[in-house]
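Asker: So the chains spell out like this:
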Amino acid sequence: MKTDDLIAMLSTNVEPVDHRQIVRSIGMAVAAGTALAVGIVLFVLGPRAGLTTIAAFIPALLKVAVTAIILVPASIYLIRLTRPGGERRSSVALVALPFIAVMLLAVLSLTFAPSYHWNGTILGDDWLECLISIPLIAIVPFSVIVWAVRQMAPTDLARTGAFVGLVAGCVSAIGYAVHCADDSVPFFALWYGGTIALCTFAGWKLGPKLLRW
Amino acid sequence: MVANEAELRGLMRASLRGDAAAYRALLSRLSANLRAYYKGRLARIGRSAAEAEDLTQEALMAVHTRRHTYDPAVPLMPWVHAIARYKLIDHLRQTHASMKDLPIDDAEEIMAQDHHVGSESAHDLNRLLGQLPDKMRRTIQSVKLDGLSVAETASQYGMSESDVKVSVHRGLKALVTSVARKGRL
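Residue numbers (our numbering), protein chains in the order written: chain A, 1 to 213; chain B, 1001 to 1185.
It cannot be assumed that every hint is accurate.
[To be verified] No more than 30 Å apart at the CA atoms, straight line, and that leaves these computed lysine-lysine pairs for DSBU-like:
1. B:K1039 to A:K2
2. B:K1173 to A:K205
3. B:K1165 to A:K205
4. B:K1165 to B:K1135
5. B:K1173 to B:K1039
FYI, nobody ran anything at the bench for these hints, they're computed from the structure.
Build the full structure now, drawing on both the sequences and the hints.
Answerer: This is the structure in structure tokens:
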């Protein structure tokens, strides 16, 4: 095939293209992933006891809000990464900051708590359920977001994969927060933070395979 | 003729609005830059220049099928360069070349020179089209090769216009995929 023939073919009857499509597609994938994660938690695990009372609603809302503080910048960076060369215009530091802040808070609240309480605050009632649920539920939003990112053109597949994992992990954690009744800061930092980090790692490993174009 | 960022960006913006003449001009200017880039890179690591034409065409197809990922608010050439480099690395990875030899480079290099002498690539368009499902092949033949309008193609094959557009779009993406896979054979 001659290159000129290819150019003639590509430029015949060319359709207008909307450059805002990326923001819309990725945004919708994240929203759909969140709806699915919350739906799965509500139907499979059920909402936490007394979610409609202030005493249970406020801590659940706080967990959702803190996770969203990581989710929103991560989604913005993910959108940047899906454009060719986007990795040159994104800094991981800004996304890592909220993460580190929550970890610091956890360490602080542990130092102020008497050491015989540590076991209770760190392990909570159901650390194992949290450890299993968040990564498992994350598979659903992860698949939806991977599908959306594959329509784009990321050029750093490992990093883009890591961000897909991070976003999916956050979305899953938001869903799980509707069910989870452990509200201590160290619990949140260790099990939510840890499982979200695990999802990020999985995305980093899977990115080059899943996102190639 | 050396790549001029402002001019090429203007052509790209017009292309995104559906201006076929601007798009054709853009692609032929980019093909010269891409050819020079690939020839230079491949020569530096001792690979044949014949691969450059294949890669040039793959990069042009990638520019085409991924043009919605260009943000008109930022310069065009870094975007083109990122695609060119991605396709080069992908190609070398498939053909088991050493990655260590590929120097980090920046957008200026792809703008610095160009080659207008196009040769023929190893891609056989008819063979590639032959691998597509009938509907995609017919619509690409009609809209992209014979130059019939989407409306004419739609009435000829008894399809809706949006069906024709989707079919052409998917067909081109499938072409890119089969071109990119040939390195593994």
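Asker: All hints are to be evaluated individually against the structure, with a verdict given for each.
Answerer: Hint-by-hint comparison with the structure:
no.: 1; hint: B:K1039 to A:K2; result: holds, 17 Å
no.: 2; hint: B:K1173 to A:K205; result: holds, 26 Å
no.: 3; hint: B:K1165 to A:K205; result: violated, 36 Å
no.: 4; hint: B:K1165 to B:K1135; result: holds, 11 Å
no.: 5; hint: B:K1173 to B:K1039; result: holds, 25 Å
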